[in-house]
Amino acid sequence: MSGRINTIAKQTFKAAFNNSATLALTLLLGLSLCLATYVGWQNFKMQNNQRLHYKALVRAQWLAKPDKHPHRMAHYGYLAFREKHELSFFDFGIESFAGVSIFLEAHKQNTVNFSEAGFTNGMLSFGEISVAMVLQLLVPLLIFFLGYNSISAERESGTLKIILCQDVSWKQLLWGKTIGIISICLAIFIPLILLTILLWASLSHWQISMDSALRLLLLVLTYAIYSFIMSAITVLVSAFARSSKSSLITLLACWIFFMVIMPRITQAVGMKIHPSQSKIEFADAIATEVHQQGDSHDPNDPHYAAIKDSLLKAYAVDDVKKLPFNYGGYIMAEGEKITSKIYSKHQDELNKIFEKQNSITTVTGFLNPYLSLKHISMALTASDFNTYVDFQQQAETYRYQLAQKMNKLQIEKISNIKPGDEEKPLAISKANWAEQPDFDYHFKQLDTVLSKELLALSALTFWLVVTVILLQYSNRWIKTI
Amino acid sequence: MLLITGFAGLYFGKTFIARQQAVIEKAAILQKKNTLTNIDHFGNDIGLLFFHNKFTMANAPDHWAAFANGQRDINPYLISVTMLGLEGQLYDTDINNPVSLLLGYMDLSFVFIFLFPLVIIAFTYNLLSEQKESGIWSLLRAQTNRSFQVIWQKFLVRVVVVLSVALLLLFTAMLYLALPQDLTLLSVTVLILLYLTFWFVVSFFFISLGKSSNFNASALIAVWVLLCIVIPASFNLFLTRKYPVPEALQNVINQREGYHEKWDMAKEVTMKPFFKHYPQLKKYPFPERKTFSWYWYYAMQQMGDDQAAASRLAIERKLASRQHFTDVFAFFFPSIQTQLGVSKIAGSDLNTHLAFQQAVRKYHEQIRLHFYPAIFLNQSVNDTDIKDFKLKKYNRKEVPHIWVNMLSVSLLTLVMMGATAFNLKRFNS
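If you read the sequences in order, they're chains L and S.
If you want the numbering used here, it's the 1-based position in the first sequence plus 6.
If you want the numbering used here, it's the 1-based position in the second sequence plus 929.
Here chain L stands alone, though its shape is the one from the complex (with noise of 0.2 Å):
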């Protein structure tokens, strides 16, 4: 039974490369996706070791400066760089479109800027080219030019009869076309990965980390489903389809609506369903809920005014100048845990809103594969939204320590009498700047992002068992004639 699957896939294997357009093609796909494996590689290296060289420096000045007042180091903060993962040089996913570096400082929280996208001149809407969107765009293409007469073609010939008389099932017929464009694709697929493979390998020095390794290997599995899946709606297509011409027509529009126009659309529309806060007013709004919250600034605040009477009564003094450590830092403290907690509650929120409004996308996943794969290939290869926001609270957690840190060193070690005017300022040595460790970020674990990429993946299955009752099954509604 499944030799005959096996005639039939070869078959069609060989047929393809007969048509010198196809060849043509794939050659020219299987060229420019190497192409695209290497400049995005190239890319990777070039613009991580950037930000490297930048979080070294950084570092180097944060611990050569001199002597001084601790809220000092804490105004003159940090910079953060986002780093890239070894694997999203595979697939951009939004890396071009979020910030670079952030500037972490006690009291304000600030945005992460320098995106390559703020660089370009409107290119960017035309995409970028990655082996992801090779795999994701165009190779479907191909598997719809190399297909979409494979059964139709046969019926025009009337070649179609003479097979299903020789005692080949429909079931066998579909299945083997199948899995014969699905190897043509395997042909261009398998050198490419192993490039990768080679590249991703050589990025890390050749320390390859468990996790980095399944999230590979996770990648090529889910692309081979998602070719799988473009292939067997070529074939059933071509199955159900009238004619040739009447199926090349369909895959091409399907092709064009749900890769081109769908995620745009549903993009805008769950824009519209959710719409988010413009900085002014997300910044408004924190400012107003710290006010109410407490206003270190006021004398007459409540909050703070609370604080100094416990202060006061547990030190038995009556007058904060009295106290044996640095009020005003301790005050400072106070204040920064506040605003930090509010603050992260709206950038929750924010967040929030915009995971609302990439679920319409990831929803209509349902509808359309390639919208889930995008998904989960992003998540993969750490280049999506969530690994975006992750930064952002390694940052913020960071920042938030940096300010406590220097809180502390003043409260325990700045006198707690001013100078006056013309005095010297107080400092610490700079030895004590060393204990600030330097900002490491990490990525998540792979079963950390698995489990938010739960609809994604669900809805590729979805897709995998669909296209698979329908190989099996779909036989009692085509017609041979």
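Don't read these hints as lab results, they were simulated from the structure.
For clarity, every value in this text was computed on a predicted model and none was experimentally measured.
The C-beta atom is built at its ideal place from N, Cα and C for all residues, glycine as well.
A couple of the hints might just be wrong.
[Claimed, not checked] These stretches of chain S come out as covered by chain L in the derived footprint (C-beta under 8 Å, 3 or more residues):
| no. | segment |
| --- | --- |
| 1 | 945-956 |
| 2 | 1278-1287 |
| 3 | 1317-1328 |
Use these hints to put chain S onto chain L, whose structure you have.
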């Protein structure tokens, strides 16, 4: 179908811009409110007031911005700055959903540049091959020796239909977006029509090759994919590789160091270059003996900017070379050319944003020079006119022209026409 997507594009494009306008109006209100709040909190210390108080400048969207959203989603259209070092504030982005930026927006220019060619292909790819495949062509040729005229007439009908739809959409856009009827409207119309003509000519070229319907459809879609997806996307990758902009990160570091290191240095290390830059401020007495003074503080902030001047110019040079490279490349590809042209004229491109940043720099200097005396003399806040400051709007000085864009598209169209004519001669003989 074109009309539906066209109207959808118009709707979404307008919504996007309407939102920006609403935010700008809100910002104007917030600026006043925040100024009063700041005076309330910090009114006793003028230096501290200006430490906190923000002045906002808006790059108000043109009516045309709804037609081609361009970079307006990526580059901020509202920049709020305090009197402190500008280079540390100027590059702050707005809040955006990066996934939306990735997937792109629906606006009318998207419909024209990406979708119209597809419809043109769909209408025309099988004009000749259909006749051939159904056997009518041989009948026709037998009956008349001007058989090609029939094809030509059918073609012309389709041209008229598509161009009328395009004009209808543009007319609707004019009403819906309140576009003024001027040279801009004319230029955009001409450019779009030229672009569509290009696609008709390409289609006709493939028809003139006389091959099968399937071949035509495949070839034309392949051309579309090449022109609208593969080539621009590959170019982007190449551009990023050839012209990276590490100067931007270096600039931030320079500004930060330039300002912060001054805290640990003698005051005249700051004041000397400050007075060199602004000799007119020397007349305000500088409190040399005070450990800290706002005078010194603001001077230090300015030093951060001054020391970053060289790296800032480096960024500008790098961006200019990028732009030049893009322009030269775009000359050969009508899809890119049209997109760039439309964005340029709608004020949604990078150059408009760079000009906006320059305007903010000028405004920042104006504000600083205006308020420095009050701060240096430690005057009362109520003596200044800070309450009179409103949101400032940036308007483009002149609308750029897009002759080059139109020229390149026409040239390429003519080349294709030549090739087609050659084919037809061969065909008929």
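How the hints compare with the structure:
Counting residues of the segment 945-956 of chain S whose beta carbon lies closer than 8 Å to any beta carbon of chain L gives 4, which reaches the threshold of three, so the coverage claim holds. With 3 residues carrying a beta carbon less than 8 Å from a beta carbon of chain L, the segment 1278-1287 of chain S meets the three-residue requirement, and the given coverage holds. Given a C-beta distance limit of less than 8 Å, the hint that chain L covers the segment 1317-1328 of chain S is violated, as 0 residues qualify and 3 are needed.
Consistency with the previously given hints fails for number 3 only.
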